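Based on the sequences and whatever the hints tell you, model everything.
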Amino acid sequence: MEGIFGNLAIGFIEVFKLQAVTMWGMTVQHVPFNIIMCLIGCLLGTLIGVLPGIGPVATIAMLLPVTFNLSPIAALIMLAGIYYGAQYGGSTTAILVNIPGESSSVVTCLDGYQMARQGRAGPALATAAIGSFFAGCVSTLVVAMFAPPLAEVALKFGPAEYFSLMVLGLVAAVVLAHGSLIKAIAMVILGLLLGLVGTDVNSGVLRFAFGISELADGIGFVTVAMGMFGICEIIANLEQKEHREIFTSKVGKLMPSMEDWKRMIAPVIRGTVLGSALGILPGGGALLASFGAYTLEKKVSKYSHEFGKGAIEGVAAPESANNAGAQTSFIPLLTLGIPSNAVMALMIGAMMIQGIAPGPQVMTERPQLFWGMICSMWVGNLMLVILNLPLIGMWIKLLTVPYRYLYPSILLFMAIGVFSISNQPFDCFLMACFGLLGYVCVKLGCEPAPLILGFILGPLMEENLRRAMLLSRGDPFVFVSPSKPISLGFLVASAILLVIIAMPALRKKREEVFVEET
Amino acid sequence: MKFKVKSAQDWWAGWMFVAFGLFFIVVALGTPEFIDKIVGARLIPGYQMGSSVRMGPAYFPVVLGGLLVFLGLLVILDSIVEEGPDVPKFHFRPLIFIGLSSLAFAYLLKPLGLALASVALVFISAYGGHEFKWKEVAVMSVVLVIFSVLVFVEALALPFPICPDFINSCPIR
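These protein sequences, in sequence, are chains B and W. Just so it is clear: in the first sequence, position 211 is 211 by this note's numbering, and no numbers are missing. Just so it is clear: in the second sequence, position 167 is 167 by this note's numbering, and no numbers are missing.
Hints are computed from structural coordinates only; laboratory data are not their basis. Treat the numbers as computed from the prediction; the structure is a model and nothing was measured. Keep in mind that the hints are not guaranteed to be accurate.
What the hints assert, rightly or not - Capping the alpha-carbon separation at 20 angstroms, the derived lysine-lysine pairs in PhoX-like fashion look like this: (1) B:309 <-> B:262; (2) B:443 <-> W:135; (3) W:89 <-> B:443.
Take a look at the structure:
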């Protein structure tokens, strides 16, 4: 226990550190720069998360270039802030407009919107915020407790273990995604292939570049993410005529009543526990957590007849669960260097841009960065509660901005961001191409998220496969040999997952679960 | 052989995967010998395959490409056996104008400067929407230009030119 608090102290010192900042040619001493970045991140994240039709992935992708010039720790703190800010904004739109700002607040729509229709939007928003904050506190501790031992195990991993772990991560991510399983796996493989474009590290051969010098370093990760999510979402949104029904007239008083508090406590705790556990699983994260928590709450609550008609439990449980899940999904990222969902893939991309190789060594080599980021999560959650409840009026005003003003602005910021990566027009051209690819994929019923995961892991997987095969002198059974029980375990687990999901009965069930969602 | 496509969505998705898979395999391995003979030249040289001990640059892409083709064929098979949704209608107007606007921005930025490139992006992309009102779009583009110059060039110090190349004495630089 003492070790944890020592580590957290390192983190908090880093977060609150005063440093000299130079801006517009002026140098100012003693500025708590990291905390300011956390604040800006939370605000920007909420701001964009509130805007309907932009999920957290597109938000983070869009704001990534803003962090390029920052120090690694400030950049990661800001991005983490953007992430939970966007999540928070997502639940606000879910409650007020019945549009889930992102997939994990889909269930919040069910009861949150009903509460808003009954004139209880204020308590619903407050419940979501308070539940999220509680979950954030607990899951920060969970991360602090579980990350070090896991990283220690991961340090002993060889290439074979890493390869198998990545297979498991990708399989799990696919199984838990919705839509057709085969198509999702195919998208992962397409992503892996696209990740191989550029110079081959081992031989120096330029692969799939077709003489285009801009492709020598590979396709920019930000470019793919912005195209597949940002551009594609804009085009998809423009297909439909705008129609929104907002209960803006009055949110009512914010504070939940005494009875609300009583009904809230147990669901928040259950949601937090479930969310923290599900978030650690590869492919889990916020989405699975919120669905799991809602279903569980519906089963155990004595108010289950009220669910779907504005039960406060139906807001409290999934909102705490998705926040807990969102935070614990940083564990595989920080300890193993494996992203468990598209947002984490973006975080890995951000770390690589900052020159940090994600993996177990981050914790030992750069403890300030590691613990600073974890502590910033807690600080960020606190900020969200303190800042956003009073600011709710402003967020609601934002909801009324018509989309025809929004999308050219979003597009401009994306174009500036992508252009600034290498100061070449080619990246913008690629972004447009990936926008087209993303649009075609969506029309053909293929989710773009697995592609992003594959894209990030492509080069890593090839590298580890090559090393493992070199060490074993070309014996393909090295991954399943009894001398490597961990690798064997990972592969068996992925096989079991695939078999389970391919069984007809379960396949039906899985489809049903996700139909309910959409 | 007679069959009916029961799910147009899966049918086309399957072919897309097959096409991508074949593309990566062919580029990695090079064009097959008989095609080279017909053309009389080596069209695509390809990369070294290597062995499983020392994998060449072509090894991993070929394995993955093969897998992708296989999965694509499975999806196609599925589309013949099982009922599924049709392909939703493509909306070409937003698709074309959104794509065009980002291209216009990219290729105008260096010669014409950030201000004019942004105006071009805003106008073209706004034209892809449902409503297009000159006045609104003009006001929006002015606001956005001021905002992006202040934030991106002044505050974040991105190395973008603001004014066109041919104006030598730019008031804001």
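- Query: For this structure, which hints from the list above don't hold up?
  - Reply: 2
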